[in-house]
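Listed in order, the protein sequences are those of chains E and A. At position 11 of the first sequence the residue is numbered 11 (our numbering), and the sequence of numbers has no breaks. At position 140 of the second sequence the residue is numbered 140 (our numbering), and the sequence of numbers has no breaks.
Simulated from the structure, these hints should not be mistaken for lab results. All residues carry an ideal CB built from backbone N, CA and C; glycine is no exception. It is possible that some hints are incorrect.
As the list claims (entries may be wrong) - Facing chain E, from chain A, some residues (calculated, C-beta under 10 Å): (1) Ser47; (2) Thr240; (3) Thr338; (4) Pro381; (5) Thr418; (6) Ile591; (7) Glu594; (8) Glu625.
What the hints assert, rightly or not - In silico lysine to any residue, SDA-like type, Cα no more than 20 Å apart, as pairs: (9) A:Lys614 / E:Gln115; (10) A:Lys16 / A:Lys170; (11) E:Lys3 / A:Lys241; (12) A:Lys614 / E:Lys3; (13) E:Lys2 / A:Ile273; (14) A:Lys170 / A:Glu32; (15) E:Lys128 / E:Asn94; (16) E:Lys207 / E:Tyr141; (17) A:Lys451 / A:Asp478; (18) A:Lys241 / E:Glu66; (19) E:Lys68 / A:Gln155; (20) A:Lys7 / A:Pro61; (21) A:Lys14 / A:Pro198; (22) A:Lys7 / E:Val29; (23) A:Lys598 / A:Glu609; (24) E:Lys128 / A:Lys17; (25) E:Lys147 / A:Cys623; (26) A:Lys546 / A:Gly371; (27) A:Lys17 / E:Arg176; (28) E:Lys206 / E:Arg176; (29) E:Lys63 / A:Pro359; (30) E:Lys68 / A:Lys290; (31) A:Lys598 / E:Glu120; (32) E:Lys68 / A:Val270; (33) A:Lys546 / A:Pro359; (34) E:Lys68 / A:Asn471.
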Amino acid sequence: MKKINVYICGVGGQGTMTLGQLLKEAGLVDGLVVTGTESRGASQREGAVDSHVRFAVLEKGEKFNERKSIHSPLIPIRQAQLYLSMEMAETLRNIKYVAEDGIIIMNNYEIWPPQVRTGEMPYPSLDKVVENLKQFSKNVYVVNANKLSEERYGDYSGVNMIFLGIAMATGKIPVRVETLEKVIRERMWNPEKSIEQFRFGLEEGKKILAAGPA
Amino acid sequence: MEVPTIKELISREKGKKVVMLGNEAMARGALEAGIGFASTYPGTPASEVGDSIAQVAEQIPGLTFQYSTNEYVALENAIGASWSGVRALCAMKMVGMNVAADPLFTLAYSGVTPTGGLVIINGGDPAALSSTNEQDNRYYGLHARIPVVEPASVQESKDFVVEAFNISEKFDVPVIVNSTARACHAVGVVELGELRDPPKEGRFVKNWSKYYNTLVLAVMNHQKLINNQNKMINEYAPVTKLNTILPGDSKTGIITSGMSYNYTLEALDVLGIYDVPILKLGLVYPLSPKQIVDFASKLEQIIIMEELDPFLEGEVKKIAYDQGLEIPIRGKELFPATGELNTDIAVQAYAKVFGKIPPIDMNEVNLKALGASAILPMRTPTMCPGCPHRATYYAIKKAIEGKNYDVVWANDIGCYATGALPPFQMGDFMTCMSAGESIAAGMSYKAKSQKMVAFIGDSTFLHTGIPGLLNAVWNDADLLLVIMDNRWTAMTGHQPTPASGVNWSGKQAKAVSIRDIVSALGVDYVRVADPFNVKNAIAIFEDALKRTGVRVVISQQECLLEARRRNRAVIEEKREKGVRQYIDVNEDACIFCEECIKEFGCPALTVAEFEGEKVSHIDLSRCVECMVCKQLCKGCAITVTKVWPGTTILEEGKK
Numbered sequence: 001m002k003k004i005n006v007y008i009c010g011v012g013g014q015g016t017m018t019l020g021q022l023l024k025e026a027g028l029v030d031g032l033v034v035t036g037t038e039s040r041g042a043s044q045r046e047g048a049v050d051s052h053v054r055f056a057v058l059e060k061g062e063k064f065n066e067r068k069s070i071h072s073p074l075i076p077i078r079q080a081q082l083y084l085s086m087e088m089a090e091t092l093r094n095i096k097y098v099a100e101d102g103i104i105i106m107n108n109y110e111i112w113p114p115q116v117r118t119g120e121m122p123y124p125s126l127d128k129v130v131e132n133l134k135q136f137s138k139n140v141y142v143v144n145a146n147k148l149s150e151e152r153y154g155d156y157s158g159v160n161m162i163f164l165g166i167a168m169a170t171g172k173i174p175v176r177v178e179t180l181e182k183v184i185r186e187r188m189w190n191p192e193k194s195i196e197q198f199r200f201g202l203e204e205g206k207k208i209l210a211a212g213p214a
Numbered sequence: 001m002e003v004p005t006i007k008e009l010i011s012r013e014k015g016k017k018v019v020m021l022g023n024e025a026m027a028r029g030a031l032e033a034g035i036g037f038a039s040t041y042p043g044t045p046a047s048e049v050g051d052s053i054a055q056v057a058e059q060i061p062g063l064t065f066q067y068s069t070n071e072y073v074a075l076e077n078a079i080g081a082s083w084s085g086v087r088a089l090c091a092m093k094m095v096g097m098n099v100a101a102d103p104l105f106t107l108a109y110s111g112v113t114p115t116g117g118l119v120i121i122n123g124g125d126p127a128a129l130s131s132t133n134e135q136d137n138r139y140y141g142l143h144a145r146i147p148v149v150e151p152a153s154v155q156e157s158k159d160f161v162v163e164a165f166n167i168s169e170k171f172d173v174p175v176i177v178n179s180t181a182r183a184c185h186a187v188g189v190v191e192l193g194e195l196r197d198p199p200k201e202g203r204f205v206k207n208w209s210k211y212y213n214t215l216v217l218a219v220m221n222h223q224k225l226i227n228n229q230n231k232m233i234n235e236y237a238p239v240t241k242l243n244t245i246l247p248g249d250s251k252t253g254i255i256t257s258g259m260s261y262n263y264t265l266e267a268l269d270v271l272g273i274y275d276v277p278i279l280k281l282g283l284v285y286p287l288s289p290k291q292i293v294d295f296a297s298k299l300e301q302i303i304i305m306e307e308l309d310p311f312l313e314g315e316v317k318k319i320a321y322d323q324g325l326e327i328p329i330r331g332k333e334l335f336p337a338t339g340e341l342n343t344d345i346a347v348q349a350y351a352k353v354f355g356k357i358p359p360i361d362m363n364e365v366n367l368k369a370l371g372a373s374a375i376l377p378m379r380t381p382t383m384c385p386g387c388p389h390r391a392t393y394y395a396i397k398k399a400i401e402g403k404n405y406d407v408v409w410a411n412d413i414g415c416y417a418t419g420a421l422p423p424f425q426m427g428d429f430m431t432c433m434s435a436g437e438s439i440a441a442g443m444s445y446k447a448k449s450q451k452m453v454a455f456i457g458d459s460t461f462l463h464t465g466i467p468g469l470l471n472a473v474w475n476d477a478d479l480l481l482v483i484m485d486n487r488w489t490a491m492t493g494h495q496p497t498p499a500s501g502v503n504w505s506g507k508q509a510k511a512v513s514i515r516d517i518v519s520a521l522g523v524d525y526v527r528v529a530d531p532f533n534v535k536n537a538i539a540i541f542e543d544a545l546k547r548t549g550v551r552v553v554i555s556q557q558e559c560l561l562e563a564r565r566r567n568r569a570v571i572e573e574k575r576e577k578g579v580r581q582y583i584d585v586n587e588d589a590c591i592f593c594e595e596c597i598k599e600f601g602c603p604a605l606t607v608a609e610f611e612g613e614k615v616s617h618i619d620l621s622r623c624v625e626c627m628v629c630k631q632l633c634k635g636c637a638i639t640v641t642k643v644w645p646g647t648t649i650l651e652e653g654k655k
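Take these sequences, add in the hints, and give me the full structure.
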């Protein structure tokens, strides 16, 4: 039984919870064992938030074995094959989850916490963040979903779906693209726009991955 | 986006599989049990239990729902429904159980009715992510002799609630379903069961000796409770499907429950151990001595994995002593008693037990991750852009500026608790719902040279704050109480309060006036401030701070998150078609005094460069136009700009 873990993090309000929910539901539709957990409550107010998404996939002909399946909603350390971050510095916060050969997709968008705005603490540079990420996995991809959305739609309304599309382009998420689109159609309040954004992200993602890691 | 949809919560498609949150699954379980009544006071991590039922209650004839003013009121209402012969659910976070404890203990004596089971859902919080402590509420089961059920998966979160109602009626006792934040917020697949319709109405059947607890009647009911519990231990606990055994030949066995069961299975998989027998307890109180002894019969050692206190360890050890079970029983010597457990902690502990080397050294990874993330700025929760609480804190900060006040800041439970963090640091202590005002009142008699300022939210004030303020008036305390009235119970997801003017379903309802309540409690000095009117608010606080005795300032402005959510359609339409205004920094005029950034600290305010100089900048994707920074700008550099139809704010902002 193959355990596939996708870790998503960001800052409260960015939509990490929504992305996690869409992936989990797509996993259910595709018949996978699915579990996960998300930050709720106090951490939502501008705080660091995350969503753990876990799939168990049976190999061909394999019988389900409770002892070898996924149970914990939390991803164990060094087990996330895909590590997604919606905010630049946040990428480092729980980097212990990424697998040695895991793919890190970092959205190069900065949300400054109060202590940075007041000048008490510096916000780290992109180079330094990437350097530190590389101590955990060499596969670091820097994207800018906010910029892509702004250029295409004039605002940040497409960030989430573009980012999801890029994540899907890694091929690490064990759900079918059609399934995910079906779930997006059912769940998002502006389905057609969301699908268009998702597909745009998917295409951008392919380019980014083809260009190789940072 | 809401998952699941209302459609799925009340779906009659038995066998259908849906993705649900643990809390939603518990709500669905209650609906499958045919509850006719549900009450709650919202509290993370249990909030979504009540919210889910609130979403669907109107569509289920015979189901009455209420957000109650607090947990003991919620439980007492549920008791009323149960004693009328109708199944009742009451949901709360674990510290809410302390508030509800008063009726709880005597409820256990009286019990429930044959058709009116009563289940209390308790959301625990190991790691205290949204609480002021980590208390382990399984002890309430032990203390009040009430059965405690603990689900491990989202599916069980639903199924166990249904079974909890069955137990409740069968053994004439309320039942606690003990979940933890991780289980409440776990997201997984649930196979739906059959939805049961609640009865149209109930009826209270009088039975004085059962319901009137005092003297010998209370003692008799206490004995009845013990007898029922013994019956449960002997007849139900050994055979309940809530407890399961994964068999194995190893001489070391594991007893565990809830999330710890999940961590155990995955940790053993990581270590490649597949022969350990595991007793998974779904009924964590009371335990069956027979089941424990049978499970232990071929074992040389028992390991107990559980979060927080050694509750199961204590219960199993009691049984072991009574039954002459002389094998090592190890629990908290292997697992921490504080914080949340996880698979990684389990791997380290079980590696020690079974003499294995963990494939990943947790401490090494943690240390390395700590090093790599050392360059990360702290990211503590803060108030949102446009939060009225920030404006209130700012006004008070300005009101004490330059004065020689030695202020003690009493804070309380709610979004405004983040006022204790920079840039305000107006929170010297936070204890439990509404404790701030009374602790400050108590201090005012002794710490006489200091000025007491207590903050309390509207919902917290209406929860348990009224008696404290009444007491302060009666006993002549010296205190300024600031009621942070944002119209909603915002922190837990914008549930209504008695002062919101709407009921649980969003329909218009009577809005209780907080000002009238405060006046009725005997407070002579009551002022209402609008924190978005900066000058005025500062003047009100200056005056209130000067005086002595009990003074109340109600700082009133609706939570902008909720106001904007309600008006989303209007805002969207305006963006598309109408003239829209937004505020921006005139870089030439900005003197970079940092008043807006350092003193006010709105997350939408950042620093930018303009012609080689640092200037304040407004992040338009985050600004919600509360207009407070415009009022406090010393260089009058923050201006209002109009955006004309057909352009977006971002395009306009770049010009």
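Status of each hint after checking the structure:
Look at Ser47 (chain A): its Cβ gets to within about 8 Å of chain E, closer than 10 Å, so that hint holds up. The beta carbon of Thr240 (chain A) is not positioned within 10 Å of any beta carbon in chain E (closest approach about 19 Å), and the interface hint is therefore violated. Hint status for Thr338 (chain A) relative to chain E: violated, with the closest Cβ pair at about 17 Å, above 10 Å. Given hint, Pro381 (chain A) at the interface with chain E, holds; its Cβ is 4 Å from that chain's nearest Cβ, closer than 10 Å.
The restraint placing Thr418 (chain A) at the interface with chain E holds, with a minimum CB-CB distance near 6 Å, inside the 10 Å limit. The interface hint given for Ile591 (chain A) is broken, as the beta carbon of that residue sits about 16 Å from the closest beta carbon of chain E, more than 10 Å. Using the Cβ-Cβ criterion of 10 Å, the hint placing Glu594 (chain A) at the interface with chain E is satisfied: the shortest such distance is roughly 8 Å. With 10 Å as the threshold, the beta carbon of Glu625 (chain A) stays out of range of chain E, its nearest partner Cβ sitting at about 16 Å, so the hint is violated.
In summary, the hint linking Lys614 (chain A) to Gln115 (chain E) is supported, as the alpha carbons are separated by about 17 Å, within the 20 Å threshold. Restraint check for Lys16 (chain A) and Lys170 (chain A): the C-alpha separation of about 29 Å exceeds 20 Å, so the hint is violated. Restraint check for Lys3 (chain E) and Lys241 (chain A): the C-alpha separation of about 28 Å exceeds 20 Å, so the hint is violated. For the given pair, Lys614 (chain A) sits about 50 Å from Lys3 (chain E) by alpha-carbon distance, which is inconsistent with the 20 Å threshold.
For the proposed pair Lys2 (chain E) and Ile273 (chain A), the alpha carbon gap of about 17 Å is at most 20 Å, so the pair holds. Proposed proximity of Lys170 (chain A) and Glu32 (chain A) is supported: the alpha carbons are some 17 Å apart, at most 20 Å. In summary, the hint linking Lys128 (chain E) to Asn94 (chain E) is supported, as the alpha carbons are separated by about 16 Å, within the 20 Å threshold. For the suggested pair Lys207 (chain E) and Tyr141 (chain E), the alpha carbons sit about 11 Å apart, so the restraint of at most 20 Å is met.
Restraint check: the Cα-Cα separation between Lys451 (chain A) and Asp478 (chain A) comes to about 8 Å, which is no more than 20 Å; the hinted pair holds. Taking the CA atoms of Lys241 (chain A) and Glu66 (chain E), the gap is near 17 Å; set against the 20 Å cutoff, the hint holds. In summary, the hint linking Lys68 (chain E) to Gln155 (chain A) is supported, as the alpha carbons are separated by about 18 Å, within the 20 Å threshold. The suggested pairing of Lys7 (chain A) with Pro61 (chain A) holds, with an alpha-carbon distance near 16 Å, which does not exceed 20 Å.
Taking the CA atoms of Lys14 (chain A) and Pro198 (chain A), the gap is about 17 Å. The hint holds against a cut of 20 Å. A distance of roughly 17 Å separates the Cα atoms of Lys7 (chain A) and Val29 (chain E); the hinted pair therefore holds under the 20 Å criterion. Only pairs whose Cα atoms come within 20 Å are accepted, and Lys598 (chain A) paired with Glu609 (chain A) is accepted, the gap being roughly 17 Å. At roughly 45 Å between alpha-carbon atoms, Lys128 (chain E) and Lys17 (chain A) are farther apart than 20 Å, so this suggested pair is violated.
A threshold of 20 Å between alpha carbons decides the hint, and for Lys147 (chain E) with Cys623 (chain A) the separation of about 18 Å falls inside it, so the pair holds. Between the alpha carbons of Lys546 (chain A) and Gly371 (chain A) the distance comes to roughly 49 Å, so the proposed pair goes past 20 Å and is violated. The straight-line distance between the Cα atoms of Lys17 (chain A) and Arg176 (chain E) is roughly 18 Å, inside the 20 Å bound, and the hint therefore holds. Between Lys206 (chain E) and Arg176 (chain E) the alpha-carbon distance is near 16 Å, which keeps this suggested pair within the 20 Å criterion.
For the given pair, Lys63 (chain E) sits about 25 Å from Pro359 (chain A) by alpha-carbon distance, which is inconsistent with the 20 Å threshold. Between the alpha carbons of Lys68 (chain E) and Lys290 (chain A) the distance comes to roughly 30 Å, so the proposed pair goes past 20 Å and is violated. Restraint check for Lys598 (chain A) and Glu120 (chain E): the C-alpha separation of about 10 Å stays at or below 20 Å, so the hint holds. This hinted pair checks out: Lys68 (chain E) and Val270 (chain A) have alpha carbons roughly 9 Å apart, not beyond 20 Å.
Of the pairs offered as hints, the one joining Lys546 (chain A) and Pro359 (chain A) is violated, with about 65 Å between alpha carbons and a cut-off of 20 Å exceeded. Restraint check for Lys68 (chain E) and Asn471 (chain A): the C-alpha separation of about 59 Å exceeds 20 Å, so the hint is violated.
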